[in-house]
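The sequence shown begins at 0 in numbering that gives the first Met the number 0 and counts up one residue at a time.
Incorrect hints may have been included.
Derived DEER-like restraints, expressed as beta-carbon distance ranges [unchecked claim]:
1. 382 - 304: 27 to 33 Å
2. 173 - 329: 47 to 53 Å
3. 331 - 381: 18 to 24 Å
4. 447 - 360: 48 to 54 Å
List of simulated lysine to any residue pairs, SDA-like, C-alpha gap at most 25 Å [stated by the list, open to error]:
5. 420 - 231
6. 370 - 15
7. 377 - 349
8. 229 - 266
9. 355 - 465
10. 200 - 240
11. 295 - 242
12. 295 - 342
13. 226 - 283
14. 227 - 288
15. 475 - 331
16. 200 - 221
17. 288 - 470
18. 475 - 520
19. 420 - 478
20. 230 - 428
21. 288 - 331
22. 355 - 370
23. 187 - 420
No wet-lab data here; the hints were simulated from the structure.
We put the CB at the ideal spot given by N, CA and C, even for glycine.
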Amino acid sequence: MINKNKVIYQTGLTNSGTILLRFTINENNINEAESKTLFRLFADNQAIKLSIINNKLYLNNNLISNSLVINNDVNTLAFSYYYNNGTFNYRVVLNNNYIDDYALSINLDSNYLKLQLGNTNDLSEPLDGFIEMLCIDRTYKSISSLQNDMMFLNHSLLENKYDSLNRLSKRNIIHDDNLIICNTYNYKKTSYAYDYNGTSKVENEIISYLNNNMTLEYIYDSMNRIKKIKKNNNIIKQYEYNALGYLTHDKNLEQNSAQERVYTYDNSGNISKREIKVNDVVVNTRNYKYEDNLNKNALTRITDENNNDIEIITYDSYTNSLPSTINNTNLTWEGMKLKSYGTISYDYDHLGRRIKKVTDNELFEYVYDIKGNLVGEKITNLNNNSFYIVKYLYDKDDNVYGFIYNGNIYYYIKDILGVIKYISNSIGNIVLEYTYDAYGNIIDVNHLPGVNLSNINHIIYKSYYIDYENNLYYLKTRYYNPNWGRFISYDSVDYLNANIASGLNLYAYCLNDPVNGCDPEGTFDWGKFWTIVMYIGAVLADPIATMIGVVASTTSDIIAMGNINEEDDIIVKDGNVTLKDSSKIHTPWIKYGYSIYL
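Work the whole structure out from these sequences, hints included.
Right, dumping it as structure tokens:
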């Protein structure tokens with residue numbers, strides 16, 4: 000006996016649209032001649048019904064394909080349409096095979112179309128299977144676009160598994176049904192059966208790729224700050240903090256020679272000195288000077304151990320807070336937005352997002368989704384007009400986990416602090432390895448011979464976007480200089496906090512604790528959210544918007560498919576509907592993929 004269930008979505012579709020999904024049909028005591036409904040696209044009493052009879056596709060009971068649906072296995076379907084003056088035009092692609100274009104005469108109120116999955120309005124003709132990775136786009140798409148979308152629908156999956164306390168226990172990246180990268184998380188033990196200490200601190204993680212396993216162990220101090228990181232039982236990082244929580248020692252043991260950075264701070268939370276030691280011998284000294292009488296936190300000079308100037312910074316005469324020159328390179332500002340840095344210029348949209356950057360030789364154009372995530376960039380060579388496109392991939396919590404370049408998918412391998420340590424290709428080979436200091440300076444980059452993505456990939460460190468031409472990180476509202484260990488401009492006074500030591504310093508980065516903190520928007524220290532929520536488990540994640548699309552795009556060939564995969568987006572859910580949420584699946588275009596059993 001088949002359970003009678005009903006699942007209906009408000010799609011936002013009107014006169015044109017595309018539906019992509021994956022589905023499986025179970026053939027247990029079901030007469031093949033019986034109709035099995037995939038979905039109904041309807042308004043009022045008029046409906047478009049796509050169903051399966053004798054393992055073939057039918058639309059409103061009219062045969063449209065002799066291509067067979069595969070039983071007890073995953074099928075991928077793309078359905079794209081446009082409606083005009085009583086004619087419903089549509090095309091279908093099944094399992095990457097283009098079927099045909101069709102036209103159906105029907106009077107349809109296409110202003111408020113809803114989508115019902117798995118059965119008809121009276122709950123008859125049930126699918127007896129499951130539908131997953133439902134994806135919606137508001138445009139009528141070409142065959143090549145549909146096949147391209149379906150390729151990524153099948154090629155790249157991100158799967159999260161959770162323990163009984165709803166903490167992330169495993170994170171898998173699957174490509175062409177092969178497990179490429181696996182992060183396994185173990186939590187600190189208590190007297191209970193769970194690896195849990197009340198703060199969800201990860202004690203160790205195992206990162207697996209191809210036939211390699213790398214175990215990272217995290218050791219915390221009494222304030223729950225990481226003080227040591229071990230890799231395969233060998234200490235690779237050591238950190239020390241002062242009484243105010245500022246990072247004072249950053250020791251890197253991954254290199255052939257031990258390298259340590261020692262930081263000293265003044266009473267206002269400004270870095271006053273940085274020493275670099277190799278095998279305990281000081282090899283580099285930087286003194287940071289704050290000599291402006293009107294703005295005591297404004298960095299004015301950086302000198303070496305002999306007090307010779309290395310960098311000189313001057314500030315505008317109006318606010319005395321925004322740098323006007325850095326080593327004789329002019330900076331211009333429009334309000335708080337950096338408009339130029341020497342010969343480099345920047346443009347922003349009405350939401351303050353950077354949409355264009357022009358350097359001496361290249362034009363960068365940026366595209367965002369409605370949540371502000373950078374989903375793509377187009378880089379044009381100004382000398383010959385050649386260009387390439389990079390598309391960035393995000394999971395349901397808006398964490399970037401990879402990118403697409405030149406038709407290939409690459410994946411970021413991060414530790415629990417969100418630091419991108421490696422980049423893997425689609426078969427699990429490490430093609431790029433990064434080493435940083437705690438403040439985000441790149442110490443070393445190693446790439447696979449013949450595969451150099453170091454200038455193509457701009458998302459590094461704690462998933463920040465770097466401008467290689469001036470070594471600044473663009474953090475949505477401000478620019479961060481890792482060599483200074485601070486922002487080049489001050490933060491909004493809304494973030495002043497007299498209750499913490501560095502809370503009155505609006506230039507400070509992550510309250511001078513770059514190890515445990517992060518600041519993806521250039522506004523405040525997101526440390527707790529990063530290590531516990533944003534990367535390890537989506538406890539506080541906001542619901543994904545019903546429709547995700549490109550906003551203010553100047554490069555139309557960069558697209559991001561929408562999704563309606565959140566349970567909250569279901570407007571009708573009756574009967575014994577099962578949402579398989581122990582494994583939450585993601586693709587480049589779909590952030591949340593419930594499997595819905597119908």
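Taking each numbered hint in turn, which are not upheld by the structure, reported in ascending numerical order? Violated hints: 1, 4, 8, 12, 14; rest satisfied.
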